[in-house]
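Put the two chains together into one complex, using the hints given.
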Amino acid sequence: MRSKYWLLVVLLLVVSTYWIFSGQEKSENFNLSSEGDQSIVASNKPSESPSSESMPPATKTKQKQPSPKTDEQDDPNELDQWLAQLENRRYSEDTSVEITSFAMEFESCGNNNSQWLFNNLEPTEKQQHIKTIMDDHCKQLVNDYPLLEYNQRYAGVETVFNQFPASTELGRYLQSHFVNSNGRPDNIEFSRGLVPLALNEGNAQMLYMADWISRFSLKNRLFDKQVLQGQHQDYLKTIQTIALTALSCDFQNGITCSPSASFMRDKCFTDEKFCGLDFNQWYVKAVTPGMDADVHLLKQHFQSQVP
Amino acid sequence: MLKRVLILLLMLLLMWFVIFYNDQSNKQPNVVSHQEKSGQVKNQNNSDALKKPATNKKTPDDTPELLETTHDDTKSTRTYLKVFQDLQLAKECGNFYVNNHQQQGNYDYSMALRQAYQSMNKTDELPPVLQLDALEFFVQNCQNLKMDVFARAKINEEFPEYQFAYPVIVELRMELNRTKPKSAAETHLAGAIKYGSQWQQSFDQLISAARGENKHPPSIRKMMREEILTLRNDISALYQINPVDSEQLASLQQQIDDLHLKMEERLPASEEAMQQAKEAFIPVNALMEKNLKAPYPGSFAEIIKILQLKDQYDLRIGSISSNNHWAFYLKNYINWYQPPSYQIMQQTHTSDLDHFNLLIEPASLLFLCYLGDDCGPNSAHVRKYCLNTQSYFQPTYPSACGKSLIDFYTEDFLTANQWSDVSGLFDVMVNLYAQ
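As they're listed, the protein sequences go chains S and X.
Per my numbering, the very first residue in the first sequence carries number 1; after that it's consecutive.
Per my numbering, the very first residue in the second sequence carries number 308; after that it's consecutive.
Check the hints yourself; a few may be wrong.
Listed next, the in silico EDC-like pairs over lysine to aspartate or glutamate satisfying Cα-Cα at most 20 Å (straight line) [stated by the list, open to error]:
| hint | chain 1 | residue 1 | chain 2 | residue 2 |
| --- | --- | --- | --- | --- |
| 1 | S | Lys-219 | X | Asp-681 |
| 2 | S | Lys-273 | X | Glu-534 |
| 3 | X | Lys-429 | S | Asp-234 |
| 4 | S | Lys-225 | X | Asp-719 |
| 5 | S | Lys-219 | X | Glu-534 |
| 6 | S | Lys-285 | X | Asp-661 |
| 7 | S | Lys-131 | S | Asp-224 |
| 8 | S | Lys-131 | S | Glu-272 |
| 9 | S | Lys-219 | X | Asp-719 |
| 10 | X | Lys-529 | X | Asp-564 |
| 11 | X | Lys-638 | S | Glu-122 |
| 12 | S | Lys-237 | X | Asp-719 |
| 13 | X | Lys-529 | X | Glu-572 |
| 14 | S | Lys-219 | X | Asp-431 |
| 15 | S | Lys-237 | X | Asp-661 |
| 16 | X | Lys-389 | X | Glu-572 |
| 17 | X | Lys-638 | S | Glu-272 |
| 18 | X | Lys-429 | S | Asp-224 |
| 19 | S | Lys-299 | S | Asp-186 |
| 20 | S | Lys-225 | X | Glu-718 |
| 21 | X | Lys-569 | X | Glu-534 |
| 22 | X | Lys-638 | S | Asp-266 |
| 23 | X | Lys-429 | S | Asp-186 |
| 24 | X | Lys-638 | S | Glu-125 |
| 25 | X | Lys-585 | X | Asp-511 |
| 26 | X | Lys-389 | X | Asp-431 |
| 27 | X | Lys-638 | S | Asp-271 |
| 28 | X | Lys-429 | S | Asp-135 |
Because the hints were derived from the structure by calculation, they are not lab data.
Bound conformation, chain X alone (with noise of 0.2 Å):
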């Protein structure tokens, strides 16, 4: 009878947690207004453009801001900006992890800069100290944020197995879920996520209704996905025979081309479907370009870089790449879409989209600068430059080391034209989302 009760109970449990999570993603976008934003920018630069101070900014009461509701209270004190940050480091440090792991703690990173740095520059010399220190303390920082979120969940094995994203990842990413946000830029940047993703969704919907429903439904793709996978340890299997059998090996590249063509079998595209997803489309979008305007160096960045169709690591707000694979289906599907970059782009003297992303890339960093975001000697931003991780080491700007951002730009990276240039975008910037 006990047994019974207690399986009843669980049920109930898990019933409840149904009913409540389906009833927390049906709620809908709330739009309040928001209190003027307090932040500093962290480093002054010589521009005039960039000497205008971030306490004069005004946010006008009517700018939206994007309230999310959808967090459990925790018992965790960490705020929710703080979880938002250390996932970001997890993001930089990917890499690191993942080689860290493979070799069980014996990765040598000074070793894979230092050949990153004497292939770049053709030189035998090494890597300047600076550079060195900042990887140094990069890879303390790494080490120490997956210490901190192990103990926090109670892993205990040094290297455990995994499948997906690294554990200090998934761990962090759950983390942000559980926590609530609480101070305005929180909310603001908790909505930005939430609704960013509804934002893929509906642009996604949108892409797969221009090119038509699939042929074939889940369960034959994934049965032709399985067929594909056993085909390809057939090819492997090959592989391990000397001499290879060449004729068989193309036959079973064949099969696996042919599947994947019948994966991608589409029916023709309906127009009313069409409409009803750019319907369901352009609202969200509308309340995402709205959102820029909030004056929070976080949600701005993960807002544009949805809308730029930009992957989760690139923090550039430039415009969507020609070659940009996007590019295709913007061209073929909706055209009709513009992301902000268009925008900005209309404001400068350049029609040429190869010149405009030179530029944007440093005027929208110094526009984060502006919005408060850190841009200090040891921020990622400047990190991006002096060590580059995530493209592991290559190119690299040494001289980036130990600077502040605008520094770095202003002594170093820029020519004085350039800067001209950046400073002239920067204020387009301004005018567009912080006025």
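Only chain S is shown next, with the shape it has when bound in the complex (with noise of 0.2 Å):
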């Protein structure tokens, strides 16, 4: 009798042991996979953007690199080196929108470093080779135009308008807004008087950069509520940016909506079967009846702002 207590008790120790360890190993499965998933998301994460440090040296020569403190404001080889790199004027004959619109388009290359954008993925061959076409027009952009690496953000704008008086209203809008407010100007009501002014001198990049800042609001709709009678915030950012690029098109040559510009650059980086394809093929593919609808009808909005 004895015995086979002993016996009932060694099977249930044996029992209540594998069970205990099967328990235990299930938990650290489903510990190990959340770590594992924690380790992906975080490095998914976009890295800082780079300091000018690190930033590739570029082509440039030492005659044509200006100094990138702001106090080099009086230098005046600085304006003739301006003048020389923007003799080829791509946006505008105002030279201070000419930069601005440079700046933007530089802006797009994500400070030279497009990696981040594939999630830690590796890209596919079609990816890659976007990926290259706007490396290497980013790398050319720096070579063409030094200056631009060295035009910090807010303090840089500010020297620009100082150095290059506007002398078209969008130029005069663009000194106004970012010389009066330190460089910091209201997201949304900037963005919402840029759209006309761009329409009507016809710049592409000042269209970009109206949804671009607009992006850094949480409410950015630059239309009043009854043009599009929605609140679906994520549709509604959708059909805004759509619109806006959709209406940049036809200014220099399409250049927003290439295969390789920001808009169909991350198209492709998201979904490869959209690389190399430029706006206007993608939208067919895309855009759904009812989308199409809201953007016609957002175009019309804006080109009716137009002074």
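See the structure below:
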């Protein structure tokens, strides 16, 4: 009888041990997968914007390099350097607008670091191709306009307007907002006012800028409620971006709508089937009939605001 | 002698429980046909698509049903669905419970809403009365649920100590496990929950096989985890000293990073193991997909949430987000797996996932309404917009408060053109899952 007891006790111990350890194993697997997930999520974060010291040493020459200090505003050589670099105008005869537009074009280079856009996934061949085009373009941009690398966001813009007083309405608008607000204009108000002026002067980068700056606000609607009567914020943001990008395609040979421009580049990096398409080709495949109708409404509205 | 007999009885009872537990967990899914569902769409709307009467829905006799067989009989008079609904509410109340618990009942939830509202709208105004009323109603429901659950579980303390999930959720989960599903909808839901966890295990095994086995056994990894904890404590201690020794800090952090890497080390993936895992996964996945066609909103949401790899609080039935960490696994290890959203998306006018995701959320919530889910002014679906309690009130849509989901969608939330797209997507879902 006693031996049976012990047999039962031993059996019970074995079963309990198995039970406890199998539970522990399950729990460990769960914990491990959680940790794995966390490590991926953590590494998905975009890296910090590199400082000017960490940027690749571009092909610029010593003679062309201005000092990054803002107190160099009085350096007469700098004015000549800017003007020499901007000899062939792409966006505007107004030098301040031209420089701001190039700054915006340079902004979409993502500080020359597009690796983080891939969320830790290896880019596919098609994505790599677009990335190479974009990287080459950005290198060329810095090569052609070395001063861009020193156009530190706020102080730099102020410097530009101090050196090159605006000569167009768009330029004066940019100047008044950037200089008077210490480079930190109210995002939504600024973008709202920028859209009609950018359309009027046919500036693709300034349209991109209006949308880009508005994204820093949670409620970033650049139009009144009655234009599109809805509240779905993500939807309205999407329609607004598409409408402004569509409008920008008409200017500067569709620079903001090319396969390697920031809009289509982001689409390609998210889904490789869009790699190589320009904005209009993507539009046909991606925009639903209802969205298309809303985009048209919004385009009409923005165009009606042109002075 | 009496003692020995008592010990023997206790052991026998434990053994019976272990044997019974193993026996139940080995049972296989049982597929049977179900009765036609008599649920009604709770809220009618203006859309033609949504005017289809729910009673017209015909479910073929061969529609599969996951028959749940693992539950004990219980003396509880609460139905399985009621317990499930309470559990869903408890999850929704989770943030409130935790905050209120931490502040020993002094959590000022209306202040939290007010701050979120004022920051979001850049205003000093108070949130609309309807929104405050909805919050009051919600919090009252959370409190009532807690009191009921604590009373049933005989928890006498108002703020008992807890380690993991909040006691209300734990108790309700246990109650759900004890409660026997009776109606067809309950049986199906219980099956969805059970085989959902099997699907998840199977999916984890698939990824695990594709990644290769862990190089280090669990006991070693456990030791590493403990070592990491010790190092973290050392770091915390370092921060107490001023000035902080940054070199030592960096060294400790490096050790933690190295240990993490070591814990994650894998052996090369075995083709055979991958094939086996795939063969185990495919039938479970097929069973789950097949059961999407059963017309029960609770189980539909439960199944699709699992198949779309959504987290437990996310009721959106959209596609897998491209920046979701699962995208990494799917792309690198099992790129042949296509969640249900891919099938839905193929029948829409967009091939852009971001655009699809903008439309699928309202379309799928409308589909749940069509299946008979509560979409009225006090429903969880409306509360998601009115209060957004899961995301600490940001963003909220005060105009949703006091309206049915469909009224909110048609009158406020969606543009007229967006509504047209959403209705189209809703029709696709009806054709795929409710015919």
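20 Å Cα cutoff - pair Lys-225(S), Asp-719(X): holds, 11 Å
20 Å limit on alpha-carbon distance, applied to hinted pair Lys-638(X) and Asp-266(S): holds, 18 Å
Pair hint Lys-225(S) and Glu-718(X), alpha-carbon separation not exceeding 20 Å: It holds: about 13 Å lies between the C-alpha atoms, which stays within 20 Å.
Given pair status - Asp-224(S), Lys-429(X), alpha carbons within 20 Å: holds, 17 Å
Given hint Glu-534(X) paired with Lys-219(S) - CA-CA distance at most 20 Å: violated, 46 Å
Pairwise hint evaluation, Asp-511(X) against Lys-585(X), where the allowed Cα distance is 20 Å at most: holds, 11 Å
Pair hint outcome, Lys-638(X) versus Glu-122(S) [Cα-Cα no greater than 20 Å]: Measuring from Cα to Cα gives roughly 10 Å; hence the hint holds.
Agreement of Lys-429(X) and Asp-186(S) with the hint, judged by alpha carbon distance not exceeding 20 Å: holds, 12 Å
Lys-638(X) paired with Glu-272(S) [C-alpha distance capped at 20 Å]: holds, 12 Å
20 Å Cα cutoff - pair Lys-131(S), Asp-224(S): Cα-Cα ~37 Å, so violated.
Proposed proximity, Glu-534(X) with Lys-569(X) (alpha carbon, max 20 Å): holds, 12 Å
Pairwise hint evaluation, Asp-135(S) against Lys-429(X), where the allowed Cα distance is 20 Å at most: violated, 39 Å
Comparing the model with each numbered hint stated earlier shows that hints 1, 2, 5, 7, 16, 19, 26, 28 do not hold.
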